[in-house]
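Student: In case you want the letters, here they are:
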Amino acid sequence: MSQISVKKAVETPLIEGNPTFGSITEKISQITETWKVPNPPVWLLGFGAALSLLMLLGGSIGYLFWRGIGVWGVQIPNAWGWAIINFVWWVGIGHAGTLISAILFLFRQKWRTSINRAAEAMTIFAVMCALVFPTIHVGRVWAIYFTLPFPNQMGMWPNFRSPLLWDVFAVSTYFTVSLLFWYVGLIPDLAILRDRAKTKARKIVTGILSLGWRGGNRQWQHYEKAYLILAGVATPLVLSVHSVVSFDFAVSQLPGWHTTIFPPYFVAGAIFSGFAMVLTLMIVVRKAYGIEHIITMNHLDKICKVLLATGLMVGYAYTIEYFTAWYSGNPYESFIFKARAGGQYAWAYWIMFCCNVFVPQVFWSKKMRSNIAVMFIVSILVNIGMWFERFVIVVTSLAQDYLPSSWDYFTPTFWDVSIYLGTFGLFFTFFMLFLKFVPMVAVSEVKAILPQADPHHHEGNHHE
Amino acid sequence: MKKEKPTFWRSFNHLENNQEYQNFLTQEFPQGAEQLSDPVTRRNFMKIMSASAALAGLTACRMPKETIVPFVHAPEKMIPGTPKYYATVLSIGGLAKGVLVENHDGRPTMIQGNDKHPSSLGAVNEFDQASILSLYDPERLKISSHNGAPQTWSQFETYWREKSATFVKTKGEGLAVITNSNPSITFARLQKDFVSKFPKATWVSYDALDTSNIQEGLKLIQSKNITPFYQFDKAQVVVSFGHDFLGTDSDSTRHQKGFSKRRRVRDKEDAMNRLYAVESSFTLTGSNADHRIKLNPSEMDSFVLAVYQEVAKHVSLPKVGGTPNAHGHDSWVKALAKDLLAHHKNSVISAGKASSPQVHALVHLLNQALGNVGQSVFYTPTSNTDNLSSLVEKAKNNQIKTLIVLGANPAYDTAFDLSFADVMSKSGEVIVAAIAENETTQKANWILAQSHALESWSDALFQDGTQSIAQPMIRPLFDTQSDIEILNLLTNLSPKQGYEIVRDTWKGQNWNQILHDGLKNGSSFVSVAFSPKGSIQIEESKHAGLEIEFIPSASTLDGQFANNGWLQEMPHPITKISWDNPAWISPSFAKKNNLKNGQMITLSKEGRSLTLPVWIVPGQPNNTITLELGFGRSVCGSIGKDVGFNTYQLRSHKHPYAESGFEMKASSEVVTLANTQDHGSMEDRPLVRMATLEAFRKNPAFAKEAVEHPPLKSLWKEHPYTEGYQWGMSIDLNTCTGCNSCLIACQTENNIPIVGKEQVNKGREMHWIRMDRYFSGSEEDPMIVFQPVACVHCENAPCEQVCPVNATVHDEEGLNTMIYNRCIGTRYCSNNCPYKVRRFNFFNYIKESPIPTSKSKLVQMSNNPDVTIRFRGVMEKCTYCTQRIEEVRSHAKLENRAIKDGEIKTACQSACPSDCIVFGNINDPESEVSKLKKLEQDYAMLAEINIKPRTTYLAKLRNPNPEIEDHSSSSNHHGSH
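If you're matching them up, the sequences are chains A and B in order.
Mapped onto this note's numbering, the consecutive letters of the first sequence carry residue numbers 3 to 466.
Mapped onto this note's numbering, the consecutive letters of the second sequence carry residue numbers 10 to 986.
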């Protein structure tokens, strides 16, 4: 087996330009150590923009808390609106990172090493953004701790039958494990920073964060085991978290929500949107930081293939829902699916369908998969499409359920939009800080897949 | 500012209270209604953002504090927290309604029917109930004034003593009094005194909803001043010519009671009455009819003549001139006549106040010929009402020196061509007694602050001869006097307590007993024999241009309830619009003129014009635009001010209810109208299940068979619910008329806030029970069905399973309860509720209400102390009036007995004038609700999703005449708008 993988690595090197161990360390660590090149000057601009959006978020949430949920467009019957759409959307985006790190790790997909650090960071920040929404969308935010199962004098427990409670556990577990996984992966790289640190403060901070890493054989042995275990733990979480999120809908009795296909459909959609977001970010980052040789066209090509595959999966899900609706003979179910494609929200449905199903089809062509501009546009469109997918699910079903007397049209308000935009501020503030202060590529892991890291490297070369 | 605050204060409330009290005193003219809006201007945005960023840490997490002060000297026989019930009588629209008022610690909180009183029979309508809120209206007149300067009553007394002395000399020359019709016996006595003291004075009693055509019609065929008194419970066949006896008629409560008695079907052998309605725009009567014909108002007379002539072929009827015209419904008229003849002495034919005197004459001749007089139609004396136009003439000739307006609002609700504003400016001096600021007080010299009916001693005579005493439920909240006290002062010059004045009238009678029961029985029916005094000629209908029909408002009546938030927010039974009165147009009229809902049109004729939005109403006659009266008040409290459009501006004195010859001009402007039900079609879903009586007799289980579903299996072991009381409800859709009485009853009982037009438009109305209205059949000639929907208390409640914090759970008696303190407001329960009956407090609707007066301490006095006020961010919904269950339970426990069937009545049930809501213990096979649920026509809506609702419905039945084949008897549902 190793023979084959080695051979492959030799045939198409994952890292281009034949860098040395030192040059990779230098390239990546340098970013965190200086404000000069290779840090792009636009960083400050990006950070400023992100920070102002973050302030918008803070202000909007403050106003929301002050006035109440009524500042949004939610109503009866559409008691959930943008908050839940955004929640599911961000959780979905938060899928790619752990998938890349954990599942691809278990499957020995070595190409993951170049992008896993940034993807994981993206996951964590996306999940943070996601977590904002269930917290702020409750009517009495000061009582939200009622959802936590803690012993209390009232003898009251949360309702373990409620999918919202499962959400609390699923998303918080996912967040914890993702954070831990990310941090464990960071330890060797933090040690590199510590070793390179010149100022006292830097020495202390990186010293504490690297947990006394010395890179000894035994440490590596433990470390790799721990990493493997975490990868094993994280893998089912990738599948479970969005399955549980989908239960919010699937467990209810609402036509259009009450569907058994939701868990796999949501997971596929989540990976789809997560990879799209990774693609968007990586295209910008590799260019801005001049690390095109580390995050190569080969990586982007693979992401595009994942997008194509998951796009087909969601396309299948969209289509099969119609079959189910028809086959079930349930008039309410059939109505809602007819209404989705042809009713008052048809525009949203077709935006979703085009962006998620038709647009990724361009990636059948190798030419398109190597065209940065096309990839960038598609990745953005996919994320727009995925937002609309959640919009279609949440809003169309609520707007027209069992009793036509209660049907109503949902219209968002300024505050729906401002909080959504605000979470981009939260996301990018953290992401910009990550780019600046944390090694954005897993240095030690990338080094491990360089040809010269292979103990048989010279041998192999020799053979050639 | 700082100095005004007390140095020592017990709570924040004390501080606030002080400020509010200050405002309360000084704010004679409160500011206009602010709407809860989010205008995101740049400045506003920056303000909010910076403020909220600063305050983000200090969000309002604290419930408002309340201070409780105990009685120092407790009144005798008063148990704190235990309500008392007093019988009294309310007079709305000239009708005496016997009611029971629930009184909590000295403040009235709810109005229910007095089952002994013939006008109530235990039920009330929405106006009666909403009077509570009008009582506590903080924008009422608090003190009398003269030319803007506050005056005491003794100052007015001094003034009037002087003034009246001159009028005594001239025997009242130049003195005029205007009132609305008032059924008070004492008022009539004082009026007599006044008129004898000032014989040359003009006394005018008028109503905006004028009924003089009825009396005039009867005068054509006999000579007394009488008015008909219908008893619908005595009739198998009912024909209404534009008489909305189930809806806006002031006596609708009694009519609904009577009509539903003959409508109710329990068994397939039961008989059921048949209602034919001929009308213009849709009314509740029309929507409950087995056969409805829509006509333009101008077509009504010839149609009635067609019916008359058809009946005259078979029985002898006096000859009447004119050309009958069935307007294409000839076979319908034939079948109707046949049906009427087959039900001798067992039918009612009635006509509405809008009908011409000739139509009324025909109607009563028909009733006489069909043997209904003395069976189902009686006649009772009525006072002759003076003509307002004679007073107007006098005023225009400057003959009126002092004009006194008692309680009426003629500057608003009189026809445009009387130009009452001129009358007031040409009258030397104007004295207006009113409960609240209105268009008339605005132009008055003297404004006398009048007490609300619930603060006053009075009495009333009901048309059938029943007399009642009205007793005050609370001391006047402000420095006010009742209409009787004011009239007494005007007549006798010395103030006297209302109690004494009323007692004088009732001298020698069993006062205590009458006061306790709320009535003294009596009969005032007169025997009559009709024959035309002259020739009756039905005039050829000649109409050009558009016809306009004026109808009373379902929420403000004639405008007097405009400042009542409950009523303003109550969706119109037909259009489901709240806070507005658009012009009703037919779908084909809309198509022809390319109009859409909310589009502004201008209606004009001979110098008058009005611009208002349109609303497309299926079943509207094509050439007729219907306008609701009672909106667009320009001087009113903040709730009613400028809500809707003042349609009186188009109303002429000669044609108060319908007029043709209008022109319409459409504008491109479209305004938002807050309607609570966007979708009028049932989408072929088995929600309201309906069949004809005939089909029901063939297959009584049709309702249950309407849905086929697989066996219902639960994922887990279901709770059995077989022990103790198990509460359930049955709603009879067959007798429900869609009148909204339950809705207001629920609002009163459960302290449901009003949220304002904008919030209603956003879909955030808070009503726990709503009246769903569906159209079926064609757009042009549809049928309307109503379905009251509140929480049905599912045994397998979907809402409970999804709440993450167990804030909504079942109790052991099958109630789906809401624990407000536990609710965090995820709103998941609402999403999972298939009936969408849960309501969410999107804002703190009490404290931050768009209605400025909602937060007033005075309005809060109307709250039921047995029901919690909900804070923002919590979900709420129907509780089956759990507080009423507990009250009865505690009584039963004290007496060591079980709760009896019928002992607990939910608020909606007790208000329902057609007795279609029955609540009780379904675990007791002998209870009424259990028996109803065993009926074959009982069905559970959405039972197929295995939620086991505790509220079930009795299917709706129609009893069409088999000889009439019309669209409204077909039961196929088509989508409307």
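Hint data in this document are derived by calculation from the structure and do not stem from the laboratory.
Incorrect hints may have been included.
Among the chain A residues that face chain B by a calculated CB cut under 8 Å, a handful are [as the list claims (entries may be wrong)]:
1. I138
2. R142
3. H224
4. K227
5. A228
6. L230
7. I231
8. S254
9. A343
10. G345
11. S408
FRET-style restraints, in silico, Cβ to Cβ [as the list claims (entries may be wrong)]:
12. E732(B) <-> F162(A): 22 to 30 Å
13. G234(A) <-> T681(B): 34 to 42 Å
14. P971(B) <-> F162(A): 41 to 49 Å
15. P720(B) <-> F162(A): 23 to 31 Å
16. V419(A) <-> T681(B): 34 to 42 Å
17. E438(B) <-> W144(A): 46 to 54 Å
For every residue, glycine included, the Cβ atom is placed at its ideal position computed from N, Cα and C.
Student: Determine for every hint whether it applies to the structure shown.
Tutor: Hints and how they fare:
1. I138: 11 Å, violated
2. R142: 4 Å, holds
3. H224: 39 Å, violated
4. K227: 37 Å, violated
5. A228: Given a least distance of 34 Å, the restraint on A228(A) is violated.
6. L230: For L230(A), the interface hint is violated, since the closest Cβ of chain B sits about 35 Å away, which is over 8 Å.
7. I231: Hint on I231(A): violated, closest Cβ of chain B at ~31 Å, above 8 Å.
8. S254: 5 Å, holds
9. A343: 17 Å, violated
10. G345: Violated: closest Cβ of chain B sits about 11 Å from G345(A), beyond 8 Å.
11. S408: With a closest approach of 4 Å, the S408(A) hint holds.
12. E732(B) <-> F162(A): 22 to 30 Å: Given range 22 to 30 Å: holds, Cβ gap about 26 Å.
13. G234(A) <-> T681(B): 34 to 42 Å: 57 Å, violated
14. P971(B) <-> F162(A): 41 to 49 Å: Roughly 59 Å apart at Cβ, these two residues miss the hinted range, so it is violated.
15. P720(B) <-> F162(A): 23 to 31 Å: Roughly 28 Å apart at Cβ, these two residues keep to the hinted range, so it holds.
16. V419(A) <-> T681(B): 34 to 42 Å: 20 Å, violated
17. E438(B) <-> W144(A): 46 to 54 Å: Taking Cβ atoms as reference, E438(B) and W144(A) lie about 60 Å apart, which means the hint is violated.
In summary, the numbered hints that this structure violates are 1, 3, 4, 5, 6, 7, 9, 10, 13, 14, 16, 17.
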